[in-house]
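Number of protein chains: 2
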Amino acid sequence: MMEICMISTTILDNIATHIQEVVLHESTRSKILIGQMNLAHYADIAQLMNSLESEYSVKLFLLLKPEMQISVFYELQTALMRTVLSALNSADKSNLLKNSHADQITDLFDLLSDEELATCLDILHKKDREQVLSLMQFAPDSAGGIMNVDVITLMQNFTVAKSVALLPRLRPRRDLHRNIYVTDEENRLVGLIKLEDLLLKSPETQLRSILRQVPFIAEVDQDQEEIANKMAHYRTVTAPVVNEHNFLLGVITGETLVDVLQREAQEDVHKMAGSYVSQSYFETSSASIILRRGILLVILLLVESLTSVILGSYEATLSAFLVSFIAMLVSTAGNTSGQTSAIIIQGMSSGDINDSNINKILRREFFIGFSLSILLALVAFARVYAYHQFFWGSVVVSLSLGIIVFASVLFGSVLPVLLKKFNIDPAFSAGPFLATIMDILGIFIYCYIAYLILN
Amino acid sequence: MMEICMISTTILDNIATHIQEVVLHESTRSKILIGQMNLAHYADIAQLMNSLESEYSVKLFLLLKPEMQISVFYELQTALMRTVLSALNSADKSNLLKNSHADQITDLFDLLSDEELATCLDILHKKDREQVLSLMQFAPDSAGGIMNVDVITLMQNFTVAKSVALLPRLRPRRDLHRNIYVTDEENRLVGLIKLEDLLLKSPETQLRSILRQVPFIAEVDQDQEEIANKMAHYRTVTAPVVNEHNFLLGVITGETLVDVLQREAQEDVHKMAGSYVSQSYFETSSASIILRRGILLVILLLVESLTSVILGSYEATLSAFLVSFIAMLVSTAGNTSGQTSAIIIQGMSSGDINDSNINKILRREFFIGFSLSILLALVAFARVYAYHQFFWGSVVVSLSLGIIVFASVLFGSVLPVLLKKFNIDPAFSAGPFLATIMDILGIFIYCYIAYLILN
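Heads up: the sequence lines are chains U and E, in that order.
Reading the first sequence from the start, the letters are residues 1 to 455 in full-length UniProt numbering.
Reading the second sequence from the start, the letters are residues 1 to 455 in full-length UniProt numbering.
Take the hints with a grain of salt, since some may be wrong.
Stated by the list, open to error - When the alpha-carbon atoms are kept at most 20 Å apart in a straight line, the in silico SDA-like pairs for lysine to any residue are as follows: (1) U/K194 / E/D150; (2) E/K194 / U/L170; (3) U/K194 / E/L176; (4) U/K360 / E/S51; (5) E/K194 / U/R173; (6) U/K360 / E/S288; (7) E/K230 / U/S51; (8) U/K201 / E/L176; (9) E/K194 / U/R171; (10) U/K360 / E/Q77; (11) E/K194 / U/L199; (12) U/K201 / E/D175; (13) E/K201 / U/A161; (14) U/K360 / E/V277; (15) U/K162 / E/V164; (16) U/K360 / E/I290; (17) U/K271 / E/G351; (18) E/K194 / U/R169; (19) U/K271 / E/D352; (20) E/K162 / U/P203; (21) E/K360 / U/S285; (22) U/K201 / E/I152; (23) E/K194 / U/E255; (24) U/K360 / E/D44; (25) E/K230 / U/E255; (26) E/K230 / U/E75; (27) E/K201 / U/D197; (28) E/K360 / U/V277; (29) U/K271 / E/K271; (30) E/K360 / U/D44.
Bear in mind the hints are in silico, worked out from the structure with no lab data behind them.
Just chain U, with the same shape it has in the complex (with noise of 0.2 Å):
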């Protein structure tokens, strides 16, 4: 009785365990445990390998059966990408490369050195070799760049039996979906038709008569996350890709699909923070994570600084009194600036947010600003009349705080909005620099209202 599912973590924890037995392959155990590696799945083989030091993923990584290996090899890190292709001697890295997708070996080139590069190349198809280069012209993240081309297609002068017979020359070659896109005899996408509809409809139809509407069709310039999103929206698990003559390039599977939407939601939560590189995290060195960061701390501390003139200027008016709330004032209008912004930068990035409803969204916000400035007003003085009994310089720290309080959420919600109009990424560090700016305004509105009330 064949297992349901695969109990592959167990085995792998195993492995794990015994990795020098393992990869010195003498023993029986290690036979036993490499003979269950190849029954367990590509992606919890990779993960595995992801985690030990690359010596070790190597040879695992040799030891494994060759179509296994072409399924793990594409879910490796990229540096152990690079180190495994090194270490294959040229009869598997040839089998490697004729067994892979075009799209997924253009997505390896960008690994590899011109060298490589030229090497790679000579071992692959005339006709493959032209895909590849062909691809290769399309931005990363763009539609062209995450499509995949050896998907099934059909011609809508096939018949249903015709397309039937059809299939099993293309697989696996080829991948199959449930959405099977149709073209005219020019490549033009005509529509799609559903993998039941050639076990539904009769031997004799033609697809052109049951051909059925795309709900999205992505162009091949277009951005992925603008993609992901409108897949999303439109309830549909593969996308065609087509160039402006409306010719089909290749389709966007479902797996593309939500790989992109979990790298987009990474890279936005990454940006907000101040803490995005362009690469993967773990794909990134410390040193480049290091500069990244640091350049941009620094210049938010060197922004930050000029809150220290303000303060040094206004040194006559702030009293021991007013000098301990500093903190708190800043404190309080960060977070403010943060909840609204959050809100507005995710609900533009998912789509949710757009022209029809940003206007809406924005009065709303105010609206919550305005009530949340008086309340936490009000909070304030009672935190402060009751500790220090000081009824001016408690009129000083709250009304401050209620002015910052609303200046917080008004910037924080029209700043992405006006970054996006000058097609800057609103995510783009917004939580730090939003802060910062906050607190230089936040520091000259207490000291000024302090001059004002209290001189």
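Place chain E on chain U using the hints.
Then chain E, alone, in the frame of chain U:
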């Protein structure tokens, strides 16, 4: 010649512009526009209705064809769903409920009062009613709460021919996917077949002989975020849901997966910024949002006011020079801890950071934090000394800054991990809470170092 893709957005913009004329439904233009609207994509129609005043949306909804009403209805915002439902006459309401899937009806029931619920249940057939009631026991964000129960499944003793003959009888009431899950006679999951197997295998083949392994099986009470991460990991766009006896209960579809990924990404961002409300932002009243965000801000304000106590008690030490850098130190701490915590929290939530690599990543963050603290301390010293030529003062500021930066990275990376250990969602208000803790700690460090060096 049919249109390949619906040009629905133009039509809908047109309707939005002439909405008052359209809902009157008297002019020729209105009739043409309504005719065209019924050809648009249901997701676009729902988006239009969600952006209009609700009285117009209800009138537009009533002008839709019955099939379209069902598709559009489940895409509407909660409040609008409720309004539309109460505007339907009993024939339309009955049509809507009878043609909905059991899981759609279950989601709907969360919106109704007990009385309305009873009326709706009355409309359903006995079998549907039982299905709906059994679904209502599952938590909305568990596998049971998001699974689709009206999905075609087959039995292992069926032949390919029998399966093909069954399909037209099961559709369209039940959905067909490319992965068709197969059970034994007791409804226990035994594997899956692909839709194309029914096309390519000979008609007399028994399904039991062509079963494939299921890459991932969800348990009925498993959390939706964990399921989505596993499905993405195993590159599968559908997953079967089973109970503790391995009985097949339903299927999580690709559309649901995409929906969960998008909602969880939004939730993570909102939680991290402390602006999370349990329903969608767009479906929550302003009063609830003000209350929810206000409570958090008030708590943070009161905790943060501890800084005023610390600053007050070091009053004698704090010269005007030292005071002027308080905001800069506090802000840098917030920026640094935000960078680190975003990486750790997002990684844990997406499954990229897990038990197998957390120690490696923490060690890496400590190293990055140490390097950043030295870099920022040097920059701060240069900035402060250049401006003020006060050596020991510059030492106090830069030394404090270095220690605060390192402590921020330490807290920003370790705190999320600790929270997770205690089963608290690490995303919850991580940003503001961390910033507040770091402010208090930072102010204390600053005052104490100033006291040690300058007194």
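Hint numbers contradicted by this structure: none
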